[in-house]
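*Asks:* If you read the sequences in order, they're chains A and B. Positions in the first sequence are counted from 1; adding 1 to them yields this note's numbering. Positions in the second sequence are counted from 1; adding 1 to them yields this note's numbering.
Each hint should be verified, as a subset may be incorrect.
Identical chains share a label here; the pair holds if one copy fits it or two copies do between them.
Said to hold, decoys possible - 30 Å max Cα-Cα, derived DSSO-like pairs, lysine-lysine: (1) 188 / 154; (2) 27 / 340; (3) 362 / 407; (4) 188 / 272; (5) 435 / 273; (6) 188 / 435; (7) 218 / 41; (8) 154 / 4; (9) 27 / 50; (10) 152 / 33; (11) 31 / 423; (12) 218 / 31; (13) 41 / 425; (14) 368 / 67; (15) 255 / 33; (16) 342 / 50; (17) 123 / 4; (18) 258 / 115; (19) 407 / 4; (20) 272 / 435; (21) 51 / 375; (22) 273 / 174; (23) 340 / 418; (24) 115 / 49; (25) 272 / 174; (26) 51 / 386; (27) 188 / 362; (28) 255 / 435; (29) 123 / 67.
If you are wondering where the hints come from, they were derived from the structure by calculation, not from laboratory data.
There are 2 protein chains.
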Amino acid sequence: MNKITVGLIGYGNVGSGVVNFLQKRKSYFKDKFHIEFELKTICDRSIKKKSITGLDSTTGLTTDYKSVINDPQIDVIIELIGGVNPARQIALGALQNDKHVITANKALLALHGKELFQQAQKCNRNIYFESSVMAGVPLIKMLTEGLAGHKFKSLYGIINGTCNYILTGMTQKNLTFGQALTDAQAKGFAESNPTLDINGMDSASKLAILVSLTMGKFINAEQVYTEGITQISHHDIEHAESLGLTIKLLAIAKKAKREIEARVHPTLISKKHPLSDVNGIFNAMFINASPIGDILLSGEGAGQMTAASGIISDLFQLASRVGCPANQYLANIYREAPKTKIRKIDDISTRFYIRFMAPDKVGILSKITGILSKHKISINSVTQKAHDHWASALPVIMLTDPAQEKMVRVALDKIHKQGIVKSKPVAIRMEELK
Amino acid sequence: MNKITVGLIGYGNVGSGVVNFLQKRKSYFKDKFHIEFELKTICDRSIKKKSITGLDSTTGLTTDYKSVINDPQIDVIIELIGGVNPARQIALGALQNDKHVITANKALLALHGKELFQQAQKCNRNIYFESSVMAGVPLIKMLTEGLAGHKFKSLYGIINGTCNYILTGMTQKNLTFGQALTDAQAKGFAESNPTLDINGMDSASKLAILVSLTMGKFINAEQVYTEGITQISHHDIEHAESLGLTIKLLAIAKKAKREIEARVHPTLISKKHPLSDVNGIFNAMFINASPIGDILLSGEGAGQMTAASGIISDLFQLASRVGCPANQYLANIYREAPKTKIRKIDDISTRFYIRFMAPDKVGILSKITGILSKHKISINSVTQKAHDHWASALPVIMLTDPAQEKMVRVALDKIHKQGIVKSKPVAIRMEELK
Numbered sequence: 002m003n004k005i006t007v008g009l010i011g012y013g014n015v016g017s018g019v020v021n022f023l024q025k026r027k028s029y030f031k032d033k034f035h036i037e038f039e040l041k042t043i044c045d046r047s048i049k050k051k052s053i054t055g056l057d058s059t060t061g062l063t064t065d066y067k068s069v070i071n072d073p074q075i076d077v078i079i080e081l082i083g084g085v086n087p088a089r090q091i092a093l094g095a096l097q098n099d100k101h102v103i104t105a106n107k108a109l110l111a112l113h114g115k116e117l118f119q120q121a122q123k124c125n126r127n128i129y130f131e132s133s134v135m136a137g138v139p140l141i142k143m144l145t146e147g148l149a150g151h152k153f154k155s156l157y158g159i160i161n162g163t164c165n166y167i168l169t170g171m172t173q174k175n176l177t178f179g180q181a182l183t184d185a186q187a188k189g190f191a192e193s194n195p196t197l198d199i200n201g202m203d204s205a206s207k208l209a210i211l212v213s214l215t216m217g218k219f220i221n222a223e224q225v226y227t228e229g230i231t232q233i234s235h236h237d238i239e240h241a242e243s244l245g246l247t248i249k250l251l252a253i254a255k256k257a258k259r260e261i262e263a264r265v266h267p268t269l270i271s272k273k274h275p276l277s278d279v280n281g282i283f284n285a286m287f288i289n290a291s292p293i294g295d296i297l298l299s300g301e302g303a304g305q306m307t308a309a310s311g312i313i314s315d316l317f318q319l320a321s322r323v324g325c326p327a328n329q330y331l332a333n334i335y336r337e338a339p340k341t342k343i344r345k346i347d348d349i350s351t352r353f354y355i356r357f358m359a360p361d362k363v364g365i366l367s368k369i370t371g372i373l374s375k376h377k378i379s380i381n382s383v384t385q386k387a388h389d390h391w392a393s394a395l396p397v398i399m400l401t402d403p404a405q406e407k408m409v410r411v412a413l414d415k416i417h418k419q420g421i422v423k424s425k426p427v428a429i430r431m432e433e434l435k
Numbered sequence: 002m003n004k005i006t007v008g009l010i011g012y013g014n015v016g017s018g019v020v021n022f023l024q025k026r027k028s029y030f031k032d033k034f035h036i037e038f039e040l041k042t043i044c045d046r047s048i049k050k051k052s053i054t055g056l057d058s059t060t061g062l063t064t065d066y067k068s069v070i071n072d073p074q075i076d077v078i079i080e081l082i083g084g085v086n087p088a089r090q091i092a093l094g095a096l097q098n099d100k101h102v103i104t105a106n107k108a109l110l111a112l113h114g115k116e117l118f119q120q121a122q123k124c125n126r127n128i129y130f131e132s133s134v135m136a137g138v139p140l141i142k143m144l145t146e147g148l149a150g151h152k153f154k155s156l157y158g159i160i161n162g163t164c165n166y167i168l169t170g171m172t173q174k175n176l177t178f179g180q181a182l183t184d185a186q187a188k189g190f191a192e193s194n195p196t197l198d199i200n201g202m203d204s205a206s207k208l209a210i211l212v213s214l215t216m217g218k219f220i221n222a223e224q225v226y227t228e229g230i231t232q233i234s235h236h237d238i239e240h241a242e243s244l245g246l247t248i249k250l251l252a253i254a255k256k257a258k259r260e261i262e263a264r265v266h267p268t269l270i271s272k273k274h275p276l277s278d279v280n281g282i283f284n285a286m287f288i289n290a291s292p293i294g295d296i297l298l299s300g301e302g303a304g305q306m307t308a309a310s311g312i313i314s315d316l317f318q319l320a321s322r323v324g325c326p327a328n329q330y331l332a333n334i335y336r337e338a339p340k341t342k343i344r345k346i347d348d349i350s351t352r353f354y355i356r357f358m359a360p361d362k363v364g365i366l367s368k369i370t371g372i373l374s375k376h377k378i379s380i381n382s383v384t385q386k387a388h389d390h391w392a393s394a395l396p397v398i399m400l401t402d403p404a405q406e407k408m409v410r411v412a413l414d415k416i417h418k419q420g421i422v423k424s425k426p427v428a429i430r431m432e433e434l435k
């Protein structure tokens, strides 16, 4: 019987899910896998207020995380408090005390991943983090083990369930952003303060981790160009639909030669692509890697038991390595390829959806297209509805060919500042997902 | 530097892909992962006729597999000859000689998996088999590690690229079965003798492996109820489309309480479900497991480099365990839960699409529905087109509510034998994919 002694720090939603899973499956793990996970200590700053039932009499409860990371009997610390501090101190302390670490903490890894992995390597221990991206849907394992040795060309991810739920509501039920957010909050799919989700920062942290794992350069969340979904109007969602497109908050990473793109922003994709069918709180990752080609993985990206199952998968990984040296592949994943750079957003080339609100005057289209053309922006299609005498401005929708980001920004700025259009043009990037 | 000494038996399409991958990524593996895979011997019965370039001068070539499995320097045998014998002797011999085994051989595992895994456990070695289902798309790793400890409720798989390519051609290009098969063969997506693919046996072998891994009972391919796609008519594909459905060859496994269903057959699914968008040679697996919920994994299910990448993933797994005892979880995966039975096809309850060719006479519908009703088959919808004096018979399409397989077979048999309809009714099972 292999035994792993566990200290769990952070008895919140996910923590209680993990404890519940371990209790329920205790005899199954013993019988089928000859493994016993002994939950020695649960730590939470509010432990006295929490009602935890069904624990073994031997499980201790404490508010003092230091006692847990200093306990020589504990083999692994499960860190589930979230945030950066004291999670960083907990992780470092655990490693320095010869303990493995299991975490779901994307913010911590996106900021301090390099330091933590170097510390793990020094201490001959491992950090496991399946639930940091797409909860327990086994993405991390797929990238680091299933596709070990692959060259990753692109990752396109829907990796924030809150944003995806809101955009789905706007698309399928014609809700405004505000209505969709309220609905998400009522259903528990958005926090009362949803900022980190709807401004894209949650997706950016996750993308930083994925880029660091797959593209040979450690990047942190701040290096990911990030836009959230707060500026998305249901008008644009409708226009997109009529063009056979749908709007998703995509986390995009690409690598060609030694340049990496890493960006999170609303993106128009074809309704024919499987990613467009990933709705509600579902997450998905669409990967292109050589030599395997395209892979799509999707599942619920959040939720108590979905996140808990990733932690359990990490515990199993640990259990399968009792008596083994630390897994050097996990420690080495942050090894960086030399001379790899991050492309600035200004230098990105992509197609754009642009919506102008054009006043009902002669010559507007000519002025707009003239400026676009001067900035080397080629127009792929234009949709302009017939004149409507009641409207003060009408939408003109243009889809461009690939154009340089900087040129697009400068051109649209000019168009707006010269008073050619009624309000600031809306520009949303497109992706072909090849 | 960890070193793994490899003996590769079977230098065919996949074998040459593996050798190619190992050669190309040699320094990448050394630099990033500190791992050296030494390809000591390549064995193939036609080795003299094969042109293999770029090998190290130390790599031996032979036609004699026994010399390879008896070589004490070799740590792992990669078996890529396919078929059951002598692949079984190779695998057993390798294990008995303290070597690990990596294989893509679904026929072997579906038939002898239990014996092989027991032998592996006895010899304290592991069998790795990522490429046996869905090529290198990391399904096996997901099921056995990423979702370790989960209870699997259902698996719905499109796991034969040949059949999926043919059905896609029939659906999207209105081809007949014969035309679609010819096209598949011309493109290299179907063998010159495509029998094992189009009769469903390939999918059945793969499903047997998946059931054995996830549902606590070792089953072999013969225990999987199997129908292929040779009876699918483009008429039914068109009718399905008009009903918002599409026809896929699905490999279906379900477990409830202690009963398992395992079947492969053409199945109508909703065009709204993501599985309906899995086309051409792409494969997919739609899983429902507790507590994670639904997961979808898809990618190219065949192809030289796709299959080779699964072998490489297995080599990495091995490499990460240098200095470790054999992975008992892999050895234990065939551990069986007591009293688990396989449900007979007769006892399956599912919805059916049924096409009757009804002569233009009074009372046909009444006779049909009368017999169905006597056999407790409730009709969900009927589509019958208007009379056409030029046609000797017209299609009447019925979609039933869930009905017992045996009752449906008996009822349709009666309807046919009583001469109520012009030809044998076509019945295709439906799945809601919940």
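*Asks:* If a hint holds in the structure, say so; if it does not, say that too.
*Replies:* Hints, one by one, checked against the model:
1. 188 / 154: between (37 Å within a copy, 26 Å between copies)
2. 27 / 340: between (49 Å within a copy, 21 Å between copies)
3. 362 / 407: within (29 Å within a copy, 72 Å between copies)
4. 188 / 272: Classified as both: same-chain Cα gap 26 Å, cross-chain 28 Å, threshold 30 Å.
5. 435 / 273: For residue 435 and residue 273, the Cα distance is within 30 Å both inside one copy (12 Å) and across copies (22 Å).
6. 188 / 435: between (35 Å within a copy, 21 Å between copies)
7. 218 / 41: neither (37 Å within a copy, 34 Å between copies)
8. 154 / 4: between (40 Å within a copy, 28 Å between copies)
9. 27 / 50: within (26 Å within a copy, 56 Å between copies)
10. 152 / 33: Classified as between: cross-chain Cα gap 12 Å, same-chain 36 Å, threshold 30 Å.
11. 31 / 423: Result: close neither inside a copy nor across copies, 69 Å intra and 60 Å inter.
12. 218 / 31: between (40 Å within a copy, 18 Å between copies)
13. 41 / 425: neither (59 Å within a copy, 66 Å between copies)
14. 368 / 67: neither (66 Å within a copy, 79 Å between copies)
15. 255 / 33: Answer is between: at 20 Å across copies they meet the 30 Å cutoff, but 41 Å inside does not.
16. 342 / 50: neither (49 Å within a copy, 46 Å between copies)
17. 123 / 4: This pair counts as both: shortest intra-copy Cα distance 24 Å, inter-copy 22 Å.
18. 258 / 115: within (23 Å within a copy, 46 Å between copies)
19. 407 / 4: Neither: 57 Å inside a chain and 49 Å across chains, both beyond 30 Å.
20. 272 / 435: both (14 Å within a copy, 23 Å between copies)
21. 51 / 375: neither (64 Å within a copy, 59 Å between copies)
22. 273 / 174: Answer is both; intra-copy 20 Å and inter-copy 17 Å each pass.
23. 340 / 418: neither (40 Å within a copy, 76 Å between copies)
24. 115 / 49: neither (35 Å within a copy, 50 Å between copies)
25. 272 / 174: both (17 Å within a copy, 20 Å between copies)
26. 51 / 386: neither (59 Å within a copy, 65 Å between copies)
27. 188 / 362: neither (46 Å within a copy, 56 Å between copies)
28. 255 / 435: within (11 Å within a copy, 34 Å between copies)
29. 123 / 67: This pair counts as within: shortest intra-copy Cα distance 21 Å, inter-copy 43 Å.
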